Amino acid sequence: MSFHIEAITVLLNGLQQGAIYILLAVGLSIILGTLKFVNFAHGALYLIGTYAGLLIALEVNLTSGLLQEWGYGQLGLGLGYIPALIIVPFVVFVVGLAMERWVVEPFKDRPDTDQILVTFGLAIVVQEVFRTFFGSSSLPFSQPSWAEGAPQVPFLAQIPISSWRYYVIVITAVLVAIVYLLVEYTDFGLIVRAGTRDPEMVELLGIRLSRPYIIVFGIGAALAGVAGVVGGPLNPVNPTIGNDILVPAFLTVVIGGVGSIAGATLGGVLFGLTYAILVATFSSWAQVGLYAIAAVVLLVRPQGLLGEEGVAP
Amino acid sequence: MSDEAATSDGALAQLAGIWKPRGNEARVMAGTAIVLALFPFVFSRMPVVSGFLQGYQSLATLILVWGIFALGFDLLLGYTGLLSFGHAAFWGGAAYAAGVFSQYVSGSPILMVLAGTTFAVLLAWFLGFLSLRRGGIYFAILTLAFAQMLFYMSSSPLAFITGGENGFTGVETAELFGIFALESELPLFPLEMLLGTWLYVFVAAIALLCIALGYRILNSPYGMVFRAIRENEQRAEFVGLNVWRYRLMSFIISGFFAGVAGSLFVIHGTYVPLSSLYWTASGEVVIMTVLGGTGSLFGPLIGAGIYLYVENIVSGFDTIGPFWHLILGVVFVVTIWVFPRGIWGFVRDVRDRVTGGDD
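As you go down the protein sequences, you meet chains G and V in turn.
Each residue of the first sequence is one higher than the last, beginning at 52 in this note's numbering.
Each residue of the second sequence is one higher than the last, beginning at 7 in this note's numbering.
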C-alpha cells in the first residue's frame with residue numbers, strides 16, 4: 052500500500068472517530084451552553100441509542116441477563132439499519148424530554164456538583180439496568196452487508212475503509228449542519244441564544260423559555276442516540292460503552308469551547324485525527340495523546356479553542 | 007545558659023502542645039479507638055451478630071482502607087466544595103508507587119506507606135496546580151482527564167513498570183518492624199479474638215491517626231477557611247484570604263489521605279489492579295462519600311462500609327445479589343435527590359428533631 056493511500060486511510064479513520072465524538076459533543080455543548088446543565092448521563096443516552104438501534108436493526112441472541120433467563124433470549128425486530136436510523140433518534144428524543152422534565156428541571160437551582168452527582172448516578176443506574184436485562188457480555192452488532200466493503204467509487208475503492216465509515220461521516224456532517232442552521236438562523240435559535248445570554252430578560256419579554264430548553268435537551272439527546280446507532284457497529288456493544296465514551300466526549304466539548312457548535316466540531320476532528328495518527332504511529336501512546344492535547348489546550352486557552360470568555364459557567 | 011534551657015523547654019512544651027488534644031478531641035478519639043477495636047470482632051467473629059452480617063476479617067480491613075480514602079475525599083468535596091472525578095490518580099498512583107517501592111527498595115509496610123503517600127502528595131500538588139485554574143464543572147472534568155491520562159499511561163506506555171493490563175503483581179511486603187508478619191494473628195487470647203491479624207492493627211492504627219488528623223484540620227481555623235470558601239468564595243476573597251492557595255492545599259491534603267489509603271490498599275491486597283486508576287475508582291469514592299454524608303468526619307467511613315458491604319456480601323445473596331450495583335446506583339440517586347447530606351446528615355437531622363437541639 053503506497054504512502055498516500057495509507058495516509059488517507061488514517062485521516063478518514065480519524066474523521067470517522069471524530070464524527071462520533073462530535074455527535075455527542077454538540078449535544079452536550081448546547082445543553083451545557085443553554086441550560087447550564089452538566090449531563091454526566093449523556094453517555095447513557097448513547098448507550099440507549101446503541102441498544103435501541105441494535106434491537107430495531109437486527110435480531111440478537113442474548114447469552115446472559117434476565118431477559119434470556121425469562122425465555123426472551125431471541126430479541127429484536129430485524130427491520131434493518133435505515134429504519135433504526137430513523138426511529139432511534141425519536142426514541143432517544145423522547146427519553147431526553149422526559150429527562151429534562153424530571154431530572155434537569157428539579158436540579159436547575161441546585162449547585163453544579165449536585166447536577167454532576169445525580170447524572171453520574173443515573174448513568175450508573177442506566178448502565179446497570181442494561182446489564183441486568185441484556186447481560187454484560189458483548190453483543191454482535193455487525194455493519195450492514197451493503198456497507199461492508201469499500202465504496203465502488205473510482206478513487207475510494209482503493210482505500211480499505213468500509214462504506215459504513217463514510218456514512219458515519221456524512222450523517223454527522225448533515226446533522227451538525229442542521230443543528231447549526233437551527234440555532235443560528237431560525238426564530239427558535241434566536242430565542243435559545245437570547246436565553247443563553249440573559250434568561251431573565253427574555254422571560255420579561257413574554258417568551259417562555261422552558262419550551263425551547265426542553266427541545267434543546269431533546270435534540271442533544273437525539274444526537275447522542277444517532278451516535279449510538281452509527282457508532283454501535285464499529286465497536287463491541289456492552290453496557291459500559293456509554294460511560295467509556297463519556298470522558299472523551301466531555302473533553303471534546305471543553306477543548307472546543309462550551310456552547311459552540313463549531314468548537315465541538317473542531318474539537319472532535321482534532322481528537323479523531325490525533326487518535327488515528329497516533330494509533331498508526333505510536334499506538335501505545337494513542338489514548339494518552341488525547342488527554343495530553345486536552346490538557347495543553349485547556350492550560351493555554353482555558354475557555355476552549357472557539358469558546359468565548361465569560362459565557363461559559 | 008538558663009535562658010537557653012528556658013527556650014528549649016519552651017520549644018519542647020510547644021512540641022508537646024501540638025500533640026495535646028484540644029476540646030472534644032480526646033473524647034472523640036477514644037470513642038473512635040473503641041469502635042475500631044471492636045469492629046472486626048463484631049463484624050466477623052461475634053456469635054449471632056457476625057453470623058447475621060456474614061462479615062469477614064479481610065473485608066473489615068478493606069472497609070477502613072476505603073474509609074480513609076473517602077474521609078480525605080470529603081475534606082475536598084464536603085468542606086471546600088470541590089468535586090474531583092480524578093482521585094483514582096492518587097489512590098492508584100500511590101498503590102503503584104508503594105508496590106514498585108516494595109519490589110525495588112524495601113517491603114517495610116511503614117516505608118511503603120510513606121513512599122506511596124509522598125508520590126500521591128507530589129502528584130496532587132502538580133495536578134491541583136493545573137486543574138484548579140478553572141472552577142466548577144471544569145475542575146471535575148480536568149481532574150477526570152488527568153486521572154484518565156495516568157490510567158492510559160500505566161496501561162501501555164509504562165507497562166514495563168506497571169505490568170499493564172495485568173496490574174502490578176510484584177508486591178513484596180515484609181514484616182511490620184521486621185517482626186510481625188502482617189497476615190499472622192495476634193498472639194494473646196483476647197487480642198486475637200478482638201482484632202484478628204496484625205494487618206488490621208496496622209491499618210486501624212493508621213486510620214485512627216488519619217481520623218485524628220482530619221478532626222484536627224476541620225476544627226482548626228484552617229479548616230474554617232475551607233468551609234468559608236465553600237459557602238461563599240467571593241466573601242472569603244474579600245476578607246483577604248487567598249482562595250486559590252487554600253483550595254490547592256485542601257486538594258493536596260485530600261490527595262495525602264488518598265495516598266495513605268492507596269498504599270494500604272496494596273499492602274492489604276498485595277496486588278495493584280490496573281482498574282485502581284480507572285475513573286470508576288474515582289466514582290466509587292464519590293458514591294461512598296455522598297452516601298455516607300458529605301461535610302462530616304464519620305459519614306464517609308460509614309459510606310465506605312455500606313458500599314463495600316453491598317459489593318462483597320450482598321452481591322453473594324441469591325435473591326438480590328446480582329443486582330447489587332444497580333441497587334447502589336438507585337440508592338445513590340435517591341440520596342442526592344432527597345438527602346443531599348447523606349446518611350450521617352439524615353441521622354443528625356433526626357437526632358436534632360428528637361432532642362430539639364441545634365448542635
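Treat the hints loosely; a few may be bogus.
Calculated cross-link-like contacts (lysine to aspartate or glutamate; reagent style DMTMM-like; alpha-carbon spacing at most 25 Å) [as the list claims (entries may be wrong)]:
#	chain 1	residue 1	chain 2	residue 2
1	G	LYS159	G	GLU251
2	G	LYS87	V	ASP324
3	G	LYS87	G	GLU156
4	G	LYS87	G	ASP163
5	G	LYS159	G	GLU359
6	G	LYS87	G	GLU254
7	G	LYS159	V	GLU239
8	G	LYS87	G	ASP295
9	G	LYS87	G	ASP238
10	G	LYS159	V	GLU237
11	G	LYS87	V	GLU237
12	G	LYS159	G	GLU254
Just the calculated beta-carbon pair ranges, DEER-fashion [to be verified]:
#	chain 1	residue 1	chain 2	residue 2	range
13	V	THR276	G	LEU350	47 to 57 Å
14	V	THR276	G	TRP336	52 to 62 Å
15	G	ARG161	V	SER226	28 to 38 Å
16	V	GLY176	G	PHE333	21 to 31 Å
17	G	ARG161	V	ALA32	47 to 57 Å
18	V	VAL360	G	PRO191	50 to 60 Å
19	V	GLU243	G	GLU359	19 to 29 Å
20	V	SER321	G	GLN203	51 to 61 Å
21	V	LEU59	G	GLY127	39 to 49 Å
It should be emphasised that the hints constitute simulated quantities derived from the structure, not laboratory data.
Please read all numbers here as calculations on a predicted model, not as lab measurements.
Even glycine gets a Cβ: it sits at the ideal position worked out from N, Cα and C.
Original post:
If you draw a straight line from the CA of LYS87 of chain G to the CA of ASP238 of chain G, is it 25 Å or shorter?
Top reply: 21 Å, holds
Original post:
Taken at face value, is the distance from the CA of GLU254 of chain G to the CA of LYS87 of chain G at most 25 Å?
Top reply: Within the cut-off at roughly 17 Å; holds.
**OP:** Starting from LYS87 of chain G, check that the Cα of ASP163 of chain G is at most 25 Å away, please.
**Re:** 9 Å, holds
Original post:
LYS87 of chain G and GLU156 of chain G: Cα distance at most 25 Å?
Top reply: 11 Å, holds
Subject >> 25 Å limit on alpha-carbon distance, applied to hinted pair LYS87 of chain G and GLU237 of chain V >> reply: Cα-Cα ~21 Å, so holds.
Original post:
Is 19 to 29 Å right for how far apart the beta carbons of GLU243 of chain V and GLU359 of chain G are?
Top reply: Holds: the Cβ-Cβ distance is about 24 Å, inside 19 to 29 Å.
**OP:** Using the beta carbons of THR276 of chain V and TRP336 of chain G, state whether their distance is inside 52 to 62 Å or not.
**Re:** Violated, since THR276 of chain V and TRP336 of chain G (Cβ atoms, about 30 Å apart) do not stay within the stated range.
Original post:
Has the given pair, LYS87 of chain G with ASP324 of chain V, been kept, meaning a C-alpha gap of at most 25 Å?
Top reply: Roughly 43 Å between the alpha carbons, so the hint for LYS87 of chain G and ASP324 of chain V is violated.
Original post:
Within 25 Å, alpha carbon to alpha carbon, are LYS87 of chain G and ASP295 of chain G?
Top reply: 23 Å, holds
**OP:** Using the Cβ atoms, figure out if SER321 of chain V sits within 51 to 61 Å of GLN203 of chain G.
**Re:** 52 Å, holds
Original post:
Would the pair LYS159 of chain G and GLU239 of chain V pass a check requiring their Cα atoms to be no farther apart than 25 Å?
Top reply: 21 Å, holds
Original post:
Is it true that GLY176 of chain V and PHE333 of chain G lie within 21 to 31 Å of each other by Cβ?
Top reply: 26 Å, holds
Of the numbered hints stated above, those contradicted by the structure are hints 2, 13, 14 and 17, listed in ascending order.
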